[in-house]
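Participant: Sequence:
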Amino acid sequence: MNSFEYAMPKRTADVFRALESSDSIIKAGGIDVLDLIKEGIAHPQRLVNINSIDELKYIEGNQTTGVKIGPGTTLAELASSEVLSGSYRALAQAAGSTATPQIRNSATLGGSLCQRPRCWYFRNKDYHCTRKGGFTCFAVNGENENHAIFENDFGCVMVHPSTTAVALIALGAKLTIASAKSSREILVEDFFVTPRENMHRENILEQGEIITAIHLPPAAKNMVSYYYKQKAKQSFDWPIAEVAVSMQLDGKKCQNPRVALGAAAPVPMRSKEAESALNNQEVTIDIAASVGKEAMKKATPLSQNKYKVHIFQAVIKRTVCWASDIDPFA
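Counting along the sequence shown from 1, when you hit position 37 you're at 37 in full-length UniProt numbering, and nothing is skipped either side.
Nothing false has been slipped in among the hints.
Okay, derived cross-link-like pairs now, BS3-like style, lysine-lysine, Cα gap no bigger than 30 Å in a straight line:
(1) Lys-233 with Lys-298
(2) Lys-297 with Lys-231
(3) Lys-293 with Lys-253
(4) Lys-68 with Lys-57
(5) Lys-10 with Lys-174
(6) Lys-293 with Lys-174
(7) Lys-27 with Lys-181
(8) Lys-221 with Lys-252
(9) Lys-253 with Lys-221
(10) Lys-252 with Lys-297
(11) Lys-125 with Lys-38
(12) Lys-221 with Lys-174
(13) Lys-231 with Lys-272
Here are the in silico distance ranges between beta carbons for each label pair:
(14) His-43 with Ser-183: 27 to 33 Å
(15) Pro-328 with Ala-180: 48 to 54 Å
(16) Ser-21 with Arg-196: 27 to 33 Å
Keep in mind that the hints were calculated from the coordinates and are not lab data.
Source: prediction; values computed, not measured.
Virtual Cβ for every residue (Gly too), placed ideally from N, Cα, C.
Work the whole structure out from these sequences, hints included.
Facilitator: Okay, here's the thing in structure tokens:
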């Protein structure tokens with residue numbers, strides 16, 4: 001670990017000044033950043049701790065007006081929020097399923113969105129992979145059972161680790177991104193960068209920019225949502241497959257569905273195939289199963305992760321059923 005300056009700004013405006021140097025990085029909960037430093041992946045000259053900035057910690061609004069969330073809000077606060085207990089419950093479920101209680105009490109929503117890959121080759125200092133500036137993705141012909149089954153044909157086959165992003169994409173959420181000079185608003189699904197677009201980064205944040213707000217749109221009439229993941233073990237583990245669904249229900253008839261997948265590709269992704277298969281359908285167990293199969297038709301599994309296709313089919317089926325208040329095991 002290298003030595004570095006430690007800054008603790010008290011206001012958002014002070015954060016922008018602290019980030020003027022190109023070798024400064026942000027620490028909020030510190031869950032991923034400290035790992036990156038200890039693992040020799042990040043070498044900051046200045047660590048900017050924003051965890052004490054109260055103006056970045058809030059949950060405001062309701063289902064009628066929409067909800068605005070500060071990036072410094074912890075996952076534990078999201079999981080227990082009454083504001084997120086109705087149409088937005090997929091986000092509360094995603095936050096509450098992440099990691100352990102101790103980590104959820106520290107980890108923030110902004111930090112969850114900005115995590116770096118958990119690929120074991122990327123995290124190992126002995127492997128100079130493509131994402132670290134090398135010429136080989138060691139997972140392509142190596143241990144790839146947890147890697148991508150979509151968008152895995154361009155030099156890096158990692159899966160993005162943000163669970164909250166999956167729920168936010170299903171809910172149609174947007175981000176406000178700001179710097180000292182400007183701000184912009186973007187859909188969460190457009191925040192992430194594929195290896196084809198840029199091999200060395202995971203999101204569109206430029207130097208000096210931070211996420212200042214997350215926006216959930218007003219809930220449509222009769223909107224429901226649900227999030228579910230499958231892990232290798234019941235205690236804390238990274239997901240093998242995770243799915244979030246939102247839709248409007250007229251009785252059991254589904255309209256305007258959004259289906260998002262995590263642990264499937266280098267970015268959290270919408271499944272347009274699943275959405276098309278589900279739209280305007282009377283939701284039944286059989287329909288939910290067919291949605292899972294449609295979602296996986298274009299999957300291109302690697303040598304050791306074909307099993308993920310079948311798990312995703314089951315997870316999609318269950319998530320669609322639970323969102324529709326149907327028992328998938330009936």
